[in-house]
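Asker: Here's the letter readout for the chains.
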Amino acid sequence: MEQREPELPLAPAAGDGAGGRPASRGRGRTSLTGFLLLPALVFLAIFFAYPMIDIVVRSFADPGGFTLAHYGQVIEHPVYLRVFQITFEIAFTVTLLTLLLGYPLAYVLAGAGKLAASVIMACVLLSFFTNILVRTYAWMIILGPEGVINQLLRYEGLGGVKLLYNRYGVLIGMTYALLPYMVLTLYSVMRGIDRRFLQAARNLGASDWRAFWHVFLPLSLPGVVGGSLLVFILSVGYFITPRLLGGARDQMIAMVIEQHVELGVNWGFASALAIILLFLTTAGFMLYDRLVGLKALFESKV
Amino acid sequence: MSAAVEIGYVAGGAWKRRALHAAAVLILAFLLLPIVIIILLSFSSGLYLQFPPPGFSLQWYERFFRDPQWMTSLWLSARVSMMCTALSVALGVLASIVLVRERFPGKTAVYVLILSPLIVPGIIIAIAVFFLFSRLHMMGSPVAMALGQAVLTLPLVVVIVSATLQGFDQRLEQAAIILGASPTRAFFHVTLPIISPGVISSALFAFLASFDELLVPLLLADPTTMTLPVRIWTTVTMQIDPTIVAVSSVLVAVALTVLVSAGALRRSRA
Amino acid sequence: MAGPRGEGVARRGAPVRLEGLEKAYGETVAVRDVTLSVAAGEFITLLGPSGSGKTTTLMMIAGFVPESAGEIYIDDRPIGRVPPERRELGMVFQSYALFPHMSVAENISFPLRMRGWPRGEIRQKVASALEMVKLPGYEERAPRQLSGGQQQRVALARAIVFEPRVLLMDEPLGSLDKKLREHMQAEIKRIQRQLDMTVIYVTHDQDEALTMSDRIAVMHHGRIQQVGSPTALYDEPINAFVADFIGESNFLGGTVTSVDADGTAEVRHASGRTFRAAWHGSVRPGTSVVASIRPERLTLAAEGAADFPCNLWQGRISEIIFIGDATKYKIALEDLILTVKTQDRDFGARARMGDEVWVGWSPAHTTLLHHAPDP
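Chains as they are written, first to last, in this note's numbering: chain B, 28 to 329; chain W, 75 to 344; chain S, 176 to 550.
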């Protein structure tokens, strides 16, 4: 992944003469501090970098040696192409839905008073930090055949609806799960928009609608692009929610990878799929970096 | 919808403002509803997941806390998360010091390496770690789980601690050193106490992320070593067991505790 | 009382010597060839604009910035290989660097605790250090509960409590207002005299440097331009930078036409006018020189008079600036403007913009500068 130095969140502090390195001393005793990085690097090399390389190797390996068969399998079998198609369909729809719900909420959040803003923020963050498994399970309880919605419908004397183990369930659950990412990204951009631009536009004769359309919307566009890209990338790799809420026809890439590993059938093929998924994700984040800057993303993660 | 949206900023028709606020309230309700329903149901006296609950009871909590299997999982999760947190905080704090203060060739590459687990899809990291520990014959090992999860929590720690260190005035450490403290003593007497709110909150978030992690332990678990999320997962995929609502509420409480403590830390820093 | 430091033994400040000190950051050279001898007990100021290398020089003495070349001697011992914590230097940082998580007492006792002093003695030492900076009884306060001036005093107490023989101060008064700054200048001098420490003081404020220092080293572009007592720097600046940085100056470029035995030289200004200047060193007819004349050394008169100094030019008042205790006039001659500072209120009462006036000054107050070395 390519990152440009200035965009990293933590550029080194350098000042006039005063910003010298504190722990580096006179000649012959230069920086021992570099060694402090070593444990983390060794750790990541063993438990992250090496296993990732292992996946790449497995994706090209069969008992006979080098092979492209695993990748070939993806293209040859319409089933797998269909998985990619479904994955993108779902990711795209979820992106659209989160944008549709996230934009007004972020808008109100950015314009709200101190108290209202902190209440809204607290709700968004609580949802954001609640275990994804718990949030998905909640939707199983709500959407299921004996779930909250169907119980209420029946209570009203209405017929039941099928919302679980199909596309509806997946879309509702994933939209719900990814909405906080969208809201937080949009909010970080909208917060920086000077309200006086809108007042100026109104003062110059624009109607409230036109002031929004010509001034606020364009200024909030980086948030729209960033949030959408982020939600899309995360959706493509999603596993827990579609696995629990979806049906047989809602198989996404990550689920196929997990199945192949879990059942132990074909690790090479699972690896090839993983590499394709990784490639797509990396491309997505490089685009994100180009358009929005990864720095903003890492900061919002805190 | 958008027509109503700009009202937050400029004077306009009151109905537009109201429509916008109503939309916002509905969306907030959508965000909160599932969590609220889970908590309500966890106190239900009903025999199945009846809604609205017929009465108040602690039966599901009782079942959770009395069940040795759930308790084993809870304890295992706590152990794994604590190991993972300790490891990632130790490595992350040390790495952050170098990343914030030193210039060296390849720094960008090191950043990318450390932060990329935040970007790589969880399932890929999970199978990567799975392949590694299956080679090492460490399947089912809590240590393996902690190590695997630390890959995910290390970047969290680095991001939070680096941001804190960035705000730390290095002259304080220089003052300590010129006044006679060795660099190590200066770090423990001056730097660490001052950045400790950041370090503690990084530990809190690392703990939460680790406690909640499903995919890494899911692939590494054997039937005797199932962390809490793994047991929830296997239960949920097999049957509808109302005990899960109590377990879920406990997890919500953990998240809430972390958020509130981190908020308090942030305020104390200011 | 027999502390580990040997209380009661007469201690003097240690001499400090910088020899050919140099600091390069890759291509950029922050400090070049700085050589300076500081006598024991001397108060010396490194004065210069920001980026002149003064703070970098101080940080090299402190040991935080490794020198690229040269050597530092404290008490005639080279300290290049001594880590900062064992250089036994007191230091007051810009914006104080008080430890926010420690009380005043904990801050001040820090150097003593690091040196393993016994607890009872530490308490006594802290109390007497607070006494010295006139903050007795402030032990339990937190730094953020103190005013800027009080924080400054605590920082000073912390730097001197272990009785270092050399005290480094990096723009210590930068964030105080003018009144408080002048008060603290006097306090710092008092404490320095009382403890008889060598002080190396960094500032960009020439008034501060002139008031406090035994000697000043003016730095610019990483080099020491001139070292000397405040009066020497002011009266005999070696080049235009020093003349301009230490106070204000009028600069007249020209060529020497004759050198006389009475110690004055005649210089022809570019405009064709001539003036006389005191000279020393190697000035010969034909040498091109720059002369510096302080604005307060110029006098103004409506008409020429017999008691006027021998350099006498005519011009017009182009600007009048009242600055409280004095008035500044800009006098336009055809091709140059002279700045005159005078406390002559009588003249001021009559002077109007555009008036024809005479500007006069004495050769003794006309300093011929060596050409400033090009950076």
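Derived by calculation from the structure, the hints in this document are not laboratory data. Glycine included, each C-beta is placed from N, C-alpha and C at the ideal position. Any given hint might turn out to be false.
Stated by the list, open to error - Label-pair restraints from in silico Cβ distances:
1. Leu179(B) - Glu136(W): 43 to 53 Å
2. Gly291(S) - Leu339(W): 48 to 58 Å
3. Gly195(S) - Ser270(W): 56 to 66 Å
4. Pro142(W) - Val69(B): 48 to 58 Å
5. Leu132(W) - Val69(B): 43 to 53 Å
6. Ser270(W) - Leu179(B): 47 to 57 Å
7. Pro293(S) - Gln143(W): 24 to 34 Å
8. Ser270(W) - Pro293(S): 50 to 60 Å
9. Gly291(S) - Gln143(W): 30 to 40 Å
10. Gly323(S) - Arg218(B): 54 to 64 Å
11. Gly291(S) - Pro142(W): 23 to 33 Å
12. Ala143(B) - Gln143(W): 40 to 50 Å
Asker: All the hints need checking, so say for each whether the structure fits it.
Answerer: Checked hints:
1. Leu179(B) - Glu136(W): 43 to 53 Å: Taking Cβ atoms as reference, Leu179(B) and Glu136(W) lie about 28 Å apart, which means the hint is violated.
2. Gly291(S) - Leu339(W): 48 to 58 Å: The hint (48 to 58 Å, Cβ to Cβ) is violated, given that Gly291(S) and Leu339(W) are roughly 34 Å apart.
3. Gly195(S) - Ser270(W): 56 to 66 Å: violated, 43 Å
4. Pro142(W) - Val69(B): 48 to 58 Å: violated, 38 Å
5. Leu132(W) - Val69(B): 43 to 53 Å: holds, 48 Å
6. Ser270(W) - Leu179(B): 47 to 57 Å: Holds, at about 49 Å.
7. Pro293(S) - Gln143(W): 24 to 34 Å: violated, 59 Å
8. Ser270(W) - Pro293(S): 50 to 60 Å: violated, 29 Å
9. Gly291(S) - Gln143(W): 30 to 40 Å: Violated: the Cβ-Cβ distance is about 55 Å, outside 30 to 40 Å.
10. Gly323(S) - Arg218(B): 54 to 64 Å: Given a distance of about 33 Å, which is not inside 54 to 64 Å, the answer is violated.
11. Gly291(S) - Pro142(W): 23 to 33 Å: violated, 54 Å
12. Ala143(B) - Gln143(W): 40 to 50 Å: At roughly 44 Å between Cβ atoms, Gln143(W) and Ala143(B) fall inside 40 to 50 Å, so the hint holds.
Of the hints listed earlier, those the structure fails to meet are numbers 1, 2, 3, 4, 7, 8, 9, 10 and 11, in rising order.
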